[in-house]
Amino acid sequence: MTIGTDLAELTAGIDALYRRTPRSDGFLDKEGLIPVAMAEVTPTPLADYVEARAKLDALRDRLPAEAESELRADYVGEMVDSLLALVTTFEAGAISFADRVARQIRVETQLVPQAELDGYRNTIREKLDELGYAGGTLAEDFARYEEQARVPVDQVLGVLSDYIREARDRTVAEMFPAMADEWMEPVGVTQVPFSAYCDFATRKVLLNLDFPYTRFSLKHLATHEVFPGHLVHMKLREEMVADGRMPLDGAQVVTSSASSALFEGIADNGMEFLDWLDDPEDALGVATQRLRSALRCNVAWMMHQQGMTLDEIVPIMAEQGLQDPVTARSRLAFLHHNLRAPFVYAYYGGEMAVHAVWKTVPVKRRAEFWRYLYGNMHTPATLARHWR
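For the record, in the sequence shown the residue sitting at position 237 is 237 according to the working numbering, with numbers rising by one throughout.
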């Protein structure tokens, strides 16, 4: 697995280069290019990004002869290209936002089509009617629903903990029995640039108490951040790297890279995997989640490709995403972060990529699919191409 070791060490070397440049002491800057490493990796010494680029090119040239499989050749090739795009970004070189989305996140999406957004809004309207929230505009009826569905802030951590516990039980029963002894404790935080964060090292899920949450949104976070999402994914990768079943690059979570879409896509399909979509309220929640995720792609495009300001895009996000402007603005603050700018596409693009394959998997092959999905590093393209 020499290719995987060399990729991991080179990626760690690029992370070290990135961290050498003085930045703020903010949360996102402290994370660097590799926010989580599940194994010790010795960084390749790099003098500058010119050397990094040369070594990436050399690694890519070795793939036809040295990659262990077609999947690995395809995946590492895409990962190298995403790192080359990141190197150009770090050098402040010429690269468009469109190229960053395509090369780093490996999705074709630029602007999510209006028809797709309207489909989510139509589902929201239908489910609101089923739940008895009718008679007003879509925005008015949704606001009435969301107000009663909101969990009081002093109960949020307890409700999340209950959902994590049930998600673990379902994951153990349906997917991975070895997860029975795993746990993540919800901890409230404020003034951070995320709604929730899986802190793998400390086994804590950090929840931003500045944001409002419905019961569905907490259920979604339990499956996304913990079971069967990020915690399970990272724990399995840690174990597989340790016992030689996965190459060393599988031990790294690399921000805004070719691996990002599947990392987020697996997590965003957690409720589907657990067969935990029970009623019209859950269907409403899924449609709302996807609508807002798609819109975040669109407003990122408006800002970075079309040159619109945050003040110009917040009203668009608020109106189309059925949010108040203050909440909409707070959830878009990270768009100004250069490394993270295209990362929003990993959520929507990743969810759609995994879901497109998942819905073709027969029930009798689900266990096989989960082993394949969690047991290999993938991009949207490699998953679609190589799962059979």
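There may be inaccurate statements among the hints.
Within a straight-line C-alpha distance of at most 27 Å, the following computed DSS-like cross-link-like pairs (lysine-lysine) qualify [to be verified]: (1) Lys-55 - Lys-30; (2) Lys-235 - Lys-204; (3) Lys-30 - Lys-235.
No lab work stands behind these hints, which were simulated from the structure alone. Computed from a predicted structure; not experimentally measured.
Hints, one by one, checked against the model:
Between the alpha carbons of Lys-55 and Lys-30 the distance comes to roughly 25 Å, so the proposed pair stays at or under 27 Å and holds. With a C-alpha separation of about 14 Å, the suggested pairing of Lys-235 with Lys-204 holds against the 27 Å cut-off. Between Lys-30 and Lys-235, the direct Cα distance comes to roughly 22 Å. Compliance with the 27 Å bound is thereby established for this hinted pair.
When each numbered hint is compared with the structure, no violation occurs for any of them.
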